[in-house]
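Okay, here's what each chain looks like letter by letter:
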Amino acid sequence: MKKKKFLQGIQDGMPICLGYFSVSMAFGITAVLSGMPVWAAVLTSLSNVTSAGQFAGVGIIVAGGSMIELAFTQLIINMRYFLMSLSVSQKVESRMTTGQRLAVSYGITDEIFAVSMQHKGELTAVYMAGLILMPVLGWTGGTLVGAVATSVMPAILQDAMGIALYGMFIAIIVPPAREHRNVLFAVLAAVAASYAFAYMPVLKEISGGWSIIIITVVISALAAWLRPIEDEESVSAAEDTPAAQEQEVHA
Amino acid sequence: MKTGYLLLAIFVMAFTTYLIRTLPMVIFRKKITNRFVQSFLYYVPYVVLAAMTFPAVFGSTGSLAGACAGCAVAVLLAYKGKGLLTVAVGAALAVLAVQIMGF
Chain C
1 MKKKKFLQGI
11 QDGMPICLGY
21 FSVSMAFGIT
31 AVLSGMPVWA
41 AVLTSLSNVT
51 SAGQFAGVGI
61 IVAGGSMIEL
71 AFTQLIINMR
81 YFLMSLSVSQ
91 KVESRMTTGQ
101 RLAVSYGITD
111 EIFAVSMQHK
121 GELTAVYMAG
131 LILMPVLGWT
141 GGTLVGAVAT
151 SVMPAILQDA
161 MGIALYGMFI
171 AIIVPPAREH
181 RNVLFAVLAA
191 VAASYAFAYM
201 PVLKEISGGW
211 SIIIITVVIS
221 ALAAWLRPIE
231 DEESVSAAED
241 TPAAQEQEVH
251 A
Chain W
1001 MKTGYLLLAI
1011 FVMAFTTYLI
1021 RTLPMVIFRK
1031 KITNRFVQSF
1041 LYYVPYVVLA
1051 AMTFPAVFGS
1061 TGSLAGACAG
1071 CAVAVLLAYK
1081 GKGLLTVAVG
1091 AALAVLAVQI
1101 MGF
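First to last, the sequence lines map onto chains C and W.
Our numbering applies: residue 1 is where the first sequence begins, and numbers increase by one.
Our numbering applies: residue 1001 is where the second sequence begins, and numbers increase by one.
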């Protein structure tokens, strides 16, 4: 049973691993071109496992920035993980130990969070270990390959792979939005708000990290206030998306 | 670039990011029963992913035309209930096809 859960996690983590590889290759390339040694680029990926935060961090490190600046930048860009971790904390099995919680939280990335939210049932430590393992290998390995070879993948292929992660996000949002009207409205409101933060005067001055946090808190709160979920839906209602069912069939 | 500075910088980044991830997991050990908070957390994944995808997806590839095609294919495949990998690869192939055609 445990082995099956672990393998299920590995399988669910494979698409993330593939998606991460090309993004982290780009990170490895950028880091080395900015003057970072290969080992530092690889260590950064292994210890941080976060895309936007790392790209911003390299910029600061190369400019010889202070530790406070580094910490504050990570705090702003990565504050969304706080909300994601909070959601995950509600879906993990209640008997998960503190040690397991400390270990699992290392791997809460946008994509791992997304996949774990559409996983059927409670999240066990074994499943999460499997789910986190492949993406971390892909992320670290991609950084190494990108840093060492600096550019092996033809540019046109790298370009095309850039959309893969967003494709995964779309695969997660669309099925429940099609099924549930309240989710559809929340999604449309989030998209509209995101456009406002990208293009409207004043709002567009706010950094990407802060925009995501503000949008998430305001729109989710509005949706929860206007359309509170029924008891049977609960936090893990996302389980019943067609994508999740299809994954189950393939398993 | 001094090794000491690099090591410290990487540690500070990793530690800050880890704290953000781990605090909620360790603090909120019990299931939250408040209906508003439950509803809030139910909406978070969809809202955060939607906000991160749009409009960023349109700048994620070498060309706007390619990104539009990839996004359209992704939405269509997702609407038909296809799995994550199918949607992601389908979107990337659509981008590749459009870019090979020279757009």
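One thing to keep in mind: the hints can contain errors.
Below 30 Å or equal to it, Euclidean Cα-Cα: the simulated DSBU-like pairs (lysine-lysine) are [as the list claims (entries may be wrong)]:
#1 91(C) - 1080(W)
#2 120(C) - 1031(W)
#3 1080(W) - 5(C)
#4 120(C) - 3(C)
#5 1002(W) - 120(C)
#6 1002(W) - 4(C)
#7 2(C) - 1030(W)
If you're looking for bench data, these hints aren't it; they were derived computationally from the structure.
**Request:** Determine which of the earlier numbered hints do not hold for this structure and return their numbers in increasing order.
**Result:** 5 and 6
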